[in-house]
Each structure stands twice: as structure tokens, then as C-alpha cells.
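For the record, the sequence lines run as chains A and B. Be aware that the first sequence starts at 1, since it is given in the numbering used here, and climbs by one per residue. Be aware that the second sequence starts at 1, since it is given in the numbering used here, and climbs by one per residue.
It should be emphasised that the hints constitute simulated quantities derived from the structure, not laboratory data. Ideal Cβ positions, reconstructed from N, Cα and C, are used throughout, including at glycine.
Calculated lysine-lysine pairs in the DSBU-like style (CA-CA distance at most 35 Å, straight line):
| id | chain 1 | residue 1 | chain 2 | residue 2 |
| --- | --- | --- | --- | --- |
| 1 | A | Lys145 | B | Lys93 |
| 2 | B | Lys93 | A | Lys191 |
| 3 | A | Lys44 | B | Lys15 |
| 4 | B | Lys93 | A | Lys118 |
| 5 | B | Lys93 | A | Lys235 |
| 6 | B | Lys93 | A | Lys230 |
| 7 | A | Lys218 | B | Lys15 |
| 8 | A | Lys118 | B | Lys15 |
Anything over 12 Å on all C-beta distances counts as not near chain A; from chain B, calculated:
| id | residue |
| --- | --- |
| 9 | Ile40 |
| 10 | Ile42 |
| 11 | Glu59 |
| 12 | Ala82 |
| 13 | Thr88 |
| 14 | Val89 |
| 15 | Leu126 |
| 16 | Phe127 |
| 17 | Leu129 |
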Amino acid sequence: MREETITLEVTRYRPGHDSEPRTESFAVPYQKDWVVLDALNHIKDQLDGTLTYRWSCRMGVCGSCGMMVNGVPKLTCSAFLRDYYPGPIRVEPLANFPVIRDLVVSLDDFMEKLRRVKPWLIRAVEKPVSEGEYRQTPAQLEDYKQFSMCINCMLCYAACPVYGLAPAFVGPAAIALAYRYNMDSRDEGYKLREPILSESVGVWECTFVGECSVVCPKGVDPAAAIQRSKVAGAKDWAMAMLMPWGGRR
Amino acid sequence: MTVPQSARPGLYYPKMPLGWWLRRPNYIRFMIREVTSVFIAIFLVVLLIEVHMVAQGPEAYAAVVAKLRSPGWIVFNVVALAFALYHTVTWFKLTGVVQVVHLGERRVPPGLVVAGAFVAWGVVSLFILYWLLVRS
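Just chain B, with the same shape it has in the complex (with noise of 0.2 Å):
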């Protein structure tokens, strides 16, 4: 912990270790979910580095495409949908705390709630396979 300004003579200030982290079970499932995010991001920079080669023409294309083919990108393709899934997964639990939904007088209770997150990201999910299955 970074002492602050008014640190008055006397007082012991405790400081964080460096694997404050590893403490409790609640603090390394944080952890992961913010790790989570790195690989999603490195997802995206992907995948726009794709959109940019389409523009560039088919063989600049292809040659990104067998390159995402190797056995290493197919590995961090699925470490990234995982870590995609449990991102969603548990993001969309959390959404009962975080949204409070009213039905003219009434709290919608918090189960519905996340319920329904997981319904529209189904439909959403179906509709998207969907859409890329009949156009493939």
C-alpha cells in the first residue's frame, strides 16, 4: 500500500504483498476474470487483423488463415473461448445484484433476472450459428 500524504508519526502502515492475490479463493477467482480479458483482447486484434487482410485480397488472406491453423493458434483459440465462456458466465450471475428490475410495484426477483441473460444470450448465440450456417 502506498502511504499516503498524512502519514502521521507512530502509525504503522501495513503494506500489500505482492501476492495478496493468492489470499483468499474469492480473490483469485477475480483474478482470472480480469486475466480473461487479455486473451479476449488478443482475440479481437486478431480477428482484426483479418478483416484488414480480406481487404488486402484472397492470398493475403488465406496466408493469415494458414497461419491461425497451426496447432499453437488452434491451442489459444480454445483457451480463449473458455475463458470467454467463464468471462459471460460470470459476469451474467452477477447481473441479479447489479440490475434491479421493477414490474410496475414489484422487484423482478435477481434469479429471473440472470435467468434471462442467459436466455437472450442463448437466442442470440442460435440466431448467430444459425445466420453463419445457412450463409456457409
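One chain only, chain A, in its complex shape (with noise of 0.2 Å):
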């Protein structure tokens, strides 16, 4: 009996050699329980070991495999074969990037922005380990808990067409990060993110498509982190406004 098979169109692109990327198909043994990350990997083994891509860790944890897939963000790692059967399945890199080979694209831009927006915890004055940990309570873990979800993959980059149109825009999870710090109570960072966030290519940029919480992998919700912000900074510039002494945070 012929085994069954699924085509996969895959974005190839030479730098050098090509001006603009081709489109390659590839027939691969169609198998349920398969992700098209598997295809890829089975492409790669069987078939043509030239084609370049990044993954990891194969369980949506790591958020390397992020690409277009039919035109939508996914983790390859997370979408099933019989999801897309019976094809074609389109596979392209992430959109809105540049792309350095085949499928991997670069990600100078994203990491350079997320070191602006500085995710981590700031304190104005850093207790000795001695005087033991910072405390919390569950009500102040839930609320950035799911903004510190993000597994840096992306997909909400190349969901947000503010990003495609104008590049210099922060973006969703580098703002939602700014924002799950923002949140946390042991955080005394805000006034030093602030200036990154009100900056006309920081939340003001953003025009609320929300197709950016509609892909995210993890359930982040990256359009509810920028118009909070929007709120938070809204509001921020009204006291700097109205009261004699800024009445800042």
C-alpha cells in the first residue's frame, strides 16, 4: 500500500544567490500524530538538508519554531498535520522580519527592543539577602502573572501589522514585558520604563487590532498590556497636568 503523503510549500531564500525568496513543495509521509515541525525535521533528514530553520525544544516551551503557517503565526511545534489536512500546508518565515535564510529570521530588532523596555525587577535600593526574600501575596501575583507567560516567540510580531507598516514601533511582548514589571510589586522600575512606553513609537503607536493576543501561543494578552498602559500613561499626563507637583508615580 502507497503511504499516504502531505505537500508542504516551503519558503526557501539563499542570501547571495537569491533576490527574493522561492517557494519549494515537498511531499512528506502524512502521519496524525505529526506537527509540522516534524515535516520540517523529516524534510531535512530525508530530503533536501539545506533547509534552515530554528527549534529546540519541540513542546511550545522554548518559542524557537515560531513561522507562518497558511499564513498564520504558529509555533510549528504546536500544529498538527491533520489540522491542515489535506493540504497544501504554505510554510513561511515569521512575517514582518527580515529573513536571513530559508525559514530563520533575524532577530536584532526584537532583542534590542526588549533590552529597552528593561524586563527585569529594579529596585531603588536592593535589600541584603540576609533581610530575606521580597514577599508577595497570590491577589499581587495575579496581576502580571499571565503577562510573565511570554515565551519570546514572536508570533505577535508577525501578527501586528502596526509592526509590518512602521518597524520602529516597541511592539506587543516587548510591552506586555515592560508591563508584567510594571505590575509587580516588588518592582520599582516604572518611571524608568515609562519614558520608552510614552514615546510616540511606544503604546500610542498601537491602533488595538488585537490579532496580537489572538496568536500568542501561551495566552498572554499583549493588546490588553499596551491600552492599560495607554490608561496608566493617560492618566500620568493628567496629574503631571492638574496637580502643582506632577503627582507622579
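Two chains, each in its own frame: build the complex with the hints.
Here it is as C-alpha cells:
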């Protein structure tokens, strides 16, 4: 009996050779328990060893294997072939990012933005270790917990038309992480992050398309983080206008 | 997409096609929400002209009202009303996400925040309707 196959239409781009990406089709075995990443690994192992893509954990934790699957940003380790049967399945590099080779995109822009929002706990004065840990109630944890689930997979950037049109936009994941630390009761870095969030390419660039939250594989709601940061920014602005000493947090 | 200043040689910089917003239902809904603003803006400009004409005297105002009774303007007003409702409903549905309301230690469920916005909208609308009917 002939083995059933499904076709993958994969974007190929060789720097220095191709002026723009082209599509190459591969027929891979159709296995109901295979994900798109398994199919790519099959292509690399059995059909064309030059195919280039990123992956690591295969379990939706590391955030490396994000690609466009039929035009939608997905972690390919969580995108089952059976959901795209009978195919073909279009696999492209993450949208809105420069392509380095085949399905690999450049992370430089995102990494730089991530650094800018200072996604770590900032204290005015660090207390010595001997004084013990910074304690937090379950309610305080709940304020930011979902935003701490981000795995930096950048699917939200690929889904964001604002980022596609205006690449200077700080973007969903970086702002969600800034918000995550701003909402953390142990953090005192709000004033240091606020200038980055309130600049023209910060939260105000967002037009609330909302697709970032739809595609997030970890249930984070970056759109909510951005809008709530707008509310906080607007409150700060109003307080600065109305109160004699600025009334800033 | 505009190629950033720091474009590196060898990388391929994708461009956003003009029809990007047709690619996904959520993008189309977003564009409709944006376009509604244009109609609401035109409606407000017309309203300002009406107010201005009231100040010019009864004849000037009557002339504007007569113009606005033409079928074209009535159709425009119906479309503007539909868009205003669409804009308001989609906006209010998002309030649960945007506005975190706490009662003491507990967070008010987002559904209740949305319901609150709709109830407030209804109350204000009924009040305005009542006020207009009683006045006229």
C-alpha cells in the first residue's frame, strides 16, 4: 500500500544567491500525530539537508520554531498536520521580520527592543540577602502572572500590521513584558520604563487591532497590556497637568 | 514595510502588500472600525454647520434642514448611525480587557465591566431621548 503524503510548500531563500524568496514543494508522509516541525525535520533528514529553520524544545516552551503556517503565525511544534489535511500547507518565515535564510528570521530588532524596556525587577535600593526575600500575596501575583508567561516567540510581532508598517514600534511582547514588571509589587522601575512606553513609537503607536493576543500560544494578552499602559500613561499626563508637583508615581 | 536605516546586506526585507488588511477577518473588522470614524467625523461637521446656521437666523437654518431632508442625506445618516453603533458596541466589548476594576482585594469580572458600560450607555441614551421628547 502506498504511504499517504501531504505537501508542504516551503519558502526558500539563500542569501547572496536569491534576490527574493521562492517556494519549494515537498511531499512528506502524512502522520496524524505529526506536527509541521516533524514534517520539516523529515525534509531536512530525508529530502534536502540544506533546509534551514530554528527549533529546540518541541513542546511549546522555548519559542524558537515560530513560522507562518498557511499565513498564520504558529509555533510549528504545536501545529498538527491533521488540522491542515489534505493540504498543501504553506510554511513561511515569520512575517514582518528580515529573512536571514529559508525560514530563519533576524531577531536583532526584537532583542534590542526587549532590552530597552528593562524586563527585570528594578529596586531603588536592593535589600541585603540576609533580610530575606521580597514577599508577595497571591492577589499581587495575579496582577501580572499571565504577562510573565511570554516565551519571546515573536508570533505577536508577525501578527501585528502596525509593526509591519512601522518597524520602529516597540511592539506587543516587549510592551507586555514592560507591563508585567510595572505591575509587579516588588518592582520600582516604572519611571525608568515610562519614557520608552510613552514615546511616539511606544504604546500610542498601537491601534488596537488585537491580533497579537489572538495568536499568542501562551495565552498572554499583549493588546490588553498596551491599552492598560495607555490608560496609566494618560493618567500620569493628567496628573502632571493638574497637580502642582506633577503627582507622578 | 519601510526598510530600516540599519538594513543589513544579504537579508531579505519583506514588504507589506497594499491589501494586507484583507488577509484575516480580524484585520477586516479593524479596518471597518477605523472607517466608521470617517462617517462619524462627517456627521459631526454637518452638526456644527447646523449649529452655525441656527445662529444665522431661522431662514438659514430652515434651508439647511431642507437640504438634509433629501434622500442622499437620509441614507448617509442611517449609515452613520449604523457605523456609530458598530463602533460603540465593539469599543464597549473591549472595556473588559482594558479597564481592570478592583473592589477591595478582588477583581471585578471583565464581563461585568462590559455589562456596566452597556447599562450606562442605555441609561444615558434613554435620558437624552426622554429629554428630547419632553422638550419637543
